[in-house]
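Asks: So the chains spell out like this:
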Amino acid sequence: MSILAASVQWQSRAVLARHIRVHLRSWHTVTLPPVCEPLIMLLTFGLGLGSQMGALLWQDRSLNYLHYLAPGILAYTAFMSSFFQSLFAAFIRMHFQKSWEGQLTTQVRLEHVVWGEALWAATLATSYAVIVCLVLAAFGLAGQLTLHWAWLPATIPLLFLTALAFSAVGLFFTAILPSIDHMSLPFFLVILPVGFASSTYFPLPDVPVLREVSMLNPLHHLAEGLRWLLLTGRPTWHLGASAGLCLLLLVALIPLDMRLLRRRVFGDR
Amino acid sequence: MPPVLLEATNLEKALGGRPVVQGIDLTCAAGEVLGLLGPNGAGKTTTLRMCYGYLRADKGSVRIDGHDLAREPDEARRRLGVCTQDDTFDADFTVRGNLLQTGRYFRPRQPDLESRIEAVLDRFGLREFANQKPDTLSGGYKRRLMIARSVIHQPKVVFLDEPTTGLDPQARVAVWELISALRAEGLAIVLTTHYMDEAARLSDRLQVIQAGRVRASGVAAAVLGDVVGEHVALIPAAAPGAEAALAWFRSLPPSHRPVRPAQVLAHWHIPLDARGLAAFVARFPDLVYEVRPPTLDDLFLALSTEPGEPPPPARPGTERRA
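Sequences listed follow chains A and B, in order. 179 is the number that this note's numbering gives to position 179 of the first sequence; each next residue is one higher, with no gaps. 8 is the number that this note's numbering gives to position 8 of the second sequence; each next residue is one higher, with no gaps.
Chain A with its partners taken away, still in its complex shape (with noise of 0.2 Å):
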């Protein structure tokens, strides 16, 4: 059975069921970071940094930082939340609890563990992006923020193809990394480079490699095709070339995934 065929039976759907049900029975508690978090970093620095920069030159517009920052904020948001579950939380699951081996003795196969696991972490990771686009509807209510509202729903499956395709990243790091205490180094690996070369949060300098290294991290695309959709409108190819690359990380990743996952887990070949 093909490991992709997998991710549309019905195993790797009652896996990801099991995580919705968890994760619902305590939303009160657990929506509380994905609502402040972006209230927070769109306070403190899109209206109090942004209030001390001026304007900011982005394509040849003349932007404030908040304007700015809203787009990155919501291509950020899928990226960490959906690289941290499956990095951290699965980590967790598959370790600590040993639920992963409860489920193995059922009729639920690794390849259902890891892609429900994938597809809880870009679900999850979704949620909090619709959530900071509520926060962002706040802003606008408030006249803080003016955007192309009308392409913010359409920006949702591209939002989960990005979110499924770094939870891919993030269930490579939990199959290979030896312990907990190891965690941080896939945040220093991934997220802070992914992250700084990917002009979420500010625009990147005009260097040469740096520009062609960007040219490779899908979370700059999507960060740059968010900003050109939701602030004047148009979508471009960015949004393409984040979408591709999504598509090739999950194919590359997710067998690469499953190999190591199950030396991991069965101490197999």
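I should point out that these hints are in silico values taken from the structure, not numbers from a laboratory. Only a predicted model underlies this, so the values are computations on that prediction, with no experimental measurement involved. There may be inaccurate statements among the hints.
Claimed, not checked - Computed beta-carbon distance windows for the label pairs:
#1 B:165 - A:180: 51 to 59 Å
#2 B:165 - A:39: 48 to 56 Å
#3 A:256 - B:25: 31 to 39 Å
#4 A:256 - B:2: 40 to 48 Å
#5 B:70 - A:10: 19 to 27 Å
#6 A:10 - B:56: 17 to 25 Å
#7 B:56 - A:179: 22 to 30 Å
Said to hold, decoys possible - Straight-line distance between alpha carbons at most 27 Å, and here's what the computed DSSO-like set of lysine-lysine pairs gives:
#8 A:98 - B:133
#9 B:156 - B:142
#10 B:59 - B:156
#11 B:156 - A:98
#12 B:142 - A:98
Claimed, not checked - Chain A is faced by these chain B residues, among others (derived, beta-carbon under 8 Å):
#13 90
#14 104
#15 265
Glycine included, each C-beta is placed from N, C-alpha and C at the ideal position.
Knowing the structure of chain A, use the given hints to seat chain B on it.
Replies: Leaving out everything else, chain B in the frame of chain A:
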């Protein structure tokens, strides 16, 4: 003749490049308990994990109620239940939630799953803890929950991997009663255990595994006879003549000494067949010793001290090994 529900043939498995299971056959019929015995690292858990599909066998096949585990995994897995050695219930759910969630991992879905859960809660004595998280339960009740999870979907074959390890005697007896009741219902049960009294009480047949191979199989008495012999002489280690008796035993041809003697605290346990015992009595008329029939403890000791016993293999699991 009850139908054979588990049929494992010529199972082989290497882990980390080292053979752990080397050509094991297992069968278990409806209403039968098969006890798997062996020292640590013998390959019991690896064998069991191949039988319930957690590990892929390098060679050999497993059929559950006629369905090949490799070719028809969904059909085969629907018919088996597993109680793992570690507590692998879902700590995010209550006791009732665990049963419900486990039921959701099987298709076709157990008809009337809700009422089945209520019945299982009563039957396993878990009713008063139904709304508690499993972490708050005592060790005995955690094991009850693990066994309850393994049968919530009404399987035909149940694998119990050391189901009473770490329990106090009262809790062990309670688990034994549950296992006996499951057997009475016609389930085929495969059990691994370190407790010899447990194996003797619960198992209809024993299969002794050593270094990844079946060393002996059959009813307890036959297994003991095959591996240990018919008698065990207990000689105080400090007794004058004990060393001479050991030297004499070691000089016997291999056909007369089934396994090596083992020292347990202040006594040497020397396994002997009938001819060996007669020769021993004649040779050491002044030696003070006790002779008794072998027990499963002797079997375990014998297997653990046999020459060529390899070191325990790294157990597959969620731990990453260096």
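Asks: Return the numbers of the hints above that this structure violates; sort them in rising order.
Replies: Failing hints, ascending: 1 and 15.
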